[in-house]
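Sequence lines, in order, name chains Y and L. The opening residue of the first sequence carries number 4 in this note's numbering; numbering runs sequentially from there. The opening residue of the second sequence carries number 6 in this note's numbering; numbering runs sequentially from there.
The hints are simulated quantities; they were obtained by calculation from the structure and are not laboratory data. Don't be surprised by glycine CBs; every beta carbon is placed ideally from N, CA and C. Check the hints yourself; a few may be wrong.
[As the list claims (entries may be wrong)] Simulated crosslink set (PhoX-like; lysine-lysine; CA at most 20 Å straight-line): (1) Y:K186 with L:K112; (2) L:K106 with L:K135; (3) L:K70 with Y:K186.
[What the hints assert, rightly or not] Example chain L residues on the side facing chain Y (calculated, C-beta under 10 Å, incomplete): (4) L57; (5) V310; (6) P314.
[To be verified] Selected chain L positions facing chain Y (Cβ under 7 Å, derived; list incomplete): (7) A73; (8) G99; (9) F103; (10) N127; (11) Y131.
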Amino acid sequence: MARAIPLQRRLFMTILAWAAGLLIFFPVLWTVLTSFKTELEAFSTPPKLFFFDWTLENYSIVQERSNYLRFASNSIILSVGSTLIALAFGIPAAWAMAFQPGKRTKDLLMWMLSTKMMPPVGALIPLYLGFRDMGLLDTRGGLIAVLFLINLPIVVWMLYTYFKEIPVDILEAARMDGASLWKELVFVLAPMAVPGIASTMLLNVILAWNEAFWTLNLSTSEAAPLTVFIASYSSPEGLFWAKLSAASTMAIAPILVLGWFAQRQLVRGLTFGAVK
Amino acid sequence: MGTIRLQSVTKRFDAVEVIPGVDLSIREGEFIVFVGPSGCGKSTILRLIAGLEDVSSGEIFIDEKPVAQEPASQRGLAMVFQSYALYPHMSVRGNIAFGLKMAGQPKELIEAKVAKAAETLNLTDYLDRKPRQLSGGQRQRVAIGRAIVREPKAFLFDEPLSNLDAALRVQMRLEIMQLHKTLKATMVYVTHDQVEAMTMADRIVVLNKGRIEQVGTPMELYDRPNSLFVAGFIGSPKMNLVSGPAAEQYGAATIGIRPEHIAIGEGAKAVTARIRIAEHLGSDTFIHLDTDELGALTVRAQGHVEAAPGTSLSVILDPARIHRFDAHGKVIVHA
Ligand SMILES: Nc1ncnc2c1ncn2[C@@H]1O[C@H](COP(=O)(O)OP(=O)(O)O)[C@@H](O)[C@H]1O
Ligand SMILES: [Mg+2]
Numbered sequence: 004m005a006r007a008i009p010l011q012r013r014l015f016m017t018i019l020a021w022a023a024g025l026l027i028f029f030p031v032l033w034t035v036l037t038s039f040k041t042e043l044e045a046f047s048t049p050p051k052l053f054f055f056d057w058t059l060e061n062y063s064i065v066q067e068r069s070n071y072l073r074f075a076s077n078s079i080i081l082s083v084g085s086t087l088i089a090l091a092f093g094i095p096a097a098w099a100m101a102f103q104p105g106k107r108t109k110d111l112l113m114w115m116l117s118t119k120m121m122p123p124v125g126a127l128i129p130l131y132l133g134f135r136d137m138g139l140l141d142t143r144g145g146l147i148a149v150l151f152l153i154n155l156p157i158v159v160w161m162l163y164t165y166f167k168e169i170p171v172d173i174l175e176a177a178r179m180d181g182a183s184l185w186k187e188l189v190f191v192l193a194p195m196a197v198p199g200i201a202s203t204m205l206l207n208v209i210l211a212w213n214e215a216f217w218t219l220n221l222s223t224s225e226a227a228p229l230t231v232f233i234a235s236y237s238s239p240e241g242l243f244w245a246k247l248s249a250a251s252t253m254a255i256a257p258i259l260v261l262g263w264f265a266q267r268q269l270v271r272g273l274t275f276g277a278v279k
Numbered sequence: 006m007g008t009i010r011l012q013s014v015t016k017r018f019d020a021v022e023v024i025p026g027v028d029l030s031i032r033e034g035e036f037i038v039f040v041g042p043s044g045c046g047k048s049t050i051l052r053l054i055a056g057l058e059d060v061s062s063g064e065i066f067i068d069e070k071p072v073a074q075e076p077a078s079q080r081g082l083a084m085v086f087q088s089y090a091l092y093p094h095m096s097v098r099g100n101i102a103f104g105l106k107m108a109g110q111p112k113e114l115i116e117a118k119v120a121k122a123a124e125t126l127n128l129t130d131y132l133d134r135k136p137r138q139l140s141g142g143q144r145q146r147v148a149i150g151r152a153i154v155r156e157p158k159a160f161l162f163d164e165p166l167s168n169l170d171a172a173l174r175v176q177m178r179l180e181i182m183q184l185h186k187t188l189k190a191t192m193v194y195v196t197h198d199q200v201e202a203m204t205m206a207d208r209i210v211v212l213n214k215g216r217i218e219q220v221g222t223p224m225e226l227y228d229r230p231n232s233l234f235v236a237g238f239i240g241s242p243k244m245n246l247v248s249g250p251a252a253e254q255y256g257a258a259t260i261g262i263r264p265e266h267i268a269i270g271e272g273a274k275a276v277t278a279r280i281r282i283a284e285h286l287g288s289d290t291f292i293h294l295d296t297d298e299l300g301a302l303t304v305r306a307q308g309h310v311e312a313a314p315g316t317s318l319s320v321i322l323d324p325a326r327i328h329r330f331d332a333h334g335k336v337i338v339h340a
């Protein structure tokens, strides 16, 4: 780490990193700022960055008009529920692929990933009709199933990369010690893979929380998560920017806070295979 | 109890036949060593016995009970891995106790057994440490401790000393031999190091390309190798092997004689040689020679012998110690 990097170069890199960071963060910042403006100031030209009359009225109106807590609790149930199910299927699947690979394991992994490359809208009509006929539209169960399935490839891939780093000898030693398959998974593999499983879980919760396409199309009220809550404030005329911003801020705040506290874990997790 | 028997065991990885067929009986309480060059299938056979690989055909018996279809966890064997394979998230205590916990033994009994094993292996002060806080030798002791507490039917070792430095290797070798004396348990030990094989084994199994070349006590293999392969593999420095007209005089395609069976001296049958180079070990001197009749020869002389490169020397081969092999590399037994 203690390599000598010239000061100029370091300064340049620091400025560049900050600039990139601000650029990426700017839309979020702008949304948060806008949520504290009046509707009038929200689209004044030139736009006002900090110097406007700060107000909380958007939040109180949003709170009055819709039941934030119901959407939020749906978001939590959907993202956590789908993640736990994905882990329950993903851990054994990744175990098999990492430690008992067959001739087609690599192909299988690629195929799983390739399903993420298909535009989801291609599957919308059949899935929608299926959901309608099975009475799954606007149910939490239906949405959990969809979120679980669309994120499963990523879960398996992430877990697979972690598990590949674990020496198979250690699992074999557990077998020689008389551990059954389940005991091997629970007492040896899982504790060793805790960092990997934790970051997979975090990332998957975030992905499921932010997933908008399927939640918007398959739910309306009963099972609707925060994505639907935001969407209900967007209108084609764009008249309610401030309220939309307030709704958005309320929707992203929980996951932002979670991400903030978990960022070390996330970065470690995402670069695990890369640097060891 | 602790007998192991392999009956026509074969192993294929996809299309590659790694073990074409092995028959072997391991007796109770025996220290048996599998030795052979890297890639000859030693680990594969050990893993087949362990149940970590499935046999392609054939049967394995432990205490005369067929086990080829049983999972590793049910075979009642213990294994010590080259990489130690300790559980990194558990303390030394947890590592040693794991097998007993899996067997559902009562807490007090587990504690007593762990304490006893730790005492035997000088690990008592380290019981609360994690494996990463231990030296290589200590880690290997934990791996052995993990094996002995389970009182297995047999111990399997896969090159357990190869990751240790030379001095520690010799010490651990003695400790494992001592352990065998104390426990009187069946031990199957894999190594590519013929010195380990010679010093530790009750019987040695020499493997070559997945086949058993010869099974015997260290002295049997040393005195009566039944093939060129065994002759060249067992003994250090290697046996001198000579082919061509000199071998034909003895009615063989190849003859072999160990460096310690060639003496420096004059006589009717003496061979004149030029000294190429000499290695002085203090206790012995290895002299590498060139001869007209026999080509290159290595001679082992006891103690320190002056042997300046380029000078001449005359040596005598002990006729009783000459091994004869046919064109297929099989030994020719005296008529
Ligand atoms: N899982 C495997 N898949 C394919 N080939 C293997 C596998 N394990 C071992 N082999 C092959 O089997 C042969 C014997 O290997 P091994 O038993 O590990 O040899 P040794 O322990 O004597 O060095 C080698 O050629 C090796 O490449
Ligand atoms: Mg090996």
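So, going through the hints one by one against the coordinates:
1. Restraint check for K186 of chain Y and K112 of chain L: satisfied, since their Cα atoms lie roughly 18 Å apart, inside the 20 Å limit.
2. Restraint check for K106 of chain L and K135 of chain L: the C-alpha separation of about 18 Å stays at or below 20 Å, so the hint holds.
3. The straight-line distance between the Cα atoms of K70 of chain L and K186 of chain Y is roughly 26 Å, outside the 20 Å bound, and the hint therefore fails.
4. Using the Cβ-Cβ criterion of 10 Å, the hint placing L57 of chain L at the interface with chain Y is satisfied: the shortest such distance is roughly 5 Å.
5. Among the interface hints, the one on V310 of chain L is violated; its C-beta lies about 47 Å from the nearest C-beta in chain Y, farther than the 10 Å criterion.
6. For P314 of chain L, the interface hint is violated, since its Cβ never comes within 10 Å of a Cβ in chain Y; the closest pair sits about 48 Å apart.
7. Checking A73 of chain L against chain Y by beta carbon gives a least distance of about 16 Å; that is not within 7 Å, so the hint is violated.
8. Contact between G99 of chain L and chain Y, as hinted, is not supported at the beta carbon level, the nearest pair being about 10 Å apart and thus beyond 7 Å.
9. At its closest, the beta carbon of F103 of chain L sits 5 Å from a beta carbon of chain Y; the interface hint therefore holds under the 7 Å criterion.
10. Nearest Cβ of chain Y to the Cβ of N127 of chain L: about 21 Å, over the 7 Å cut. The hint is violated.
11. Because the closest C-beta pair between Y131 of chain L and chain Y is about 19 Å apart, greater than 7 Å, the hint is violated.
When the structure is compared with the earlier hints, violations turn up for hints 3, 5, 6, 7, 8, 10, 11 and for no others.
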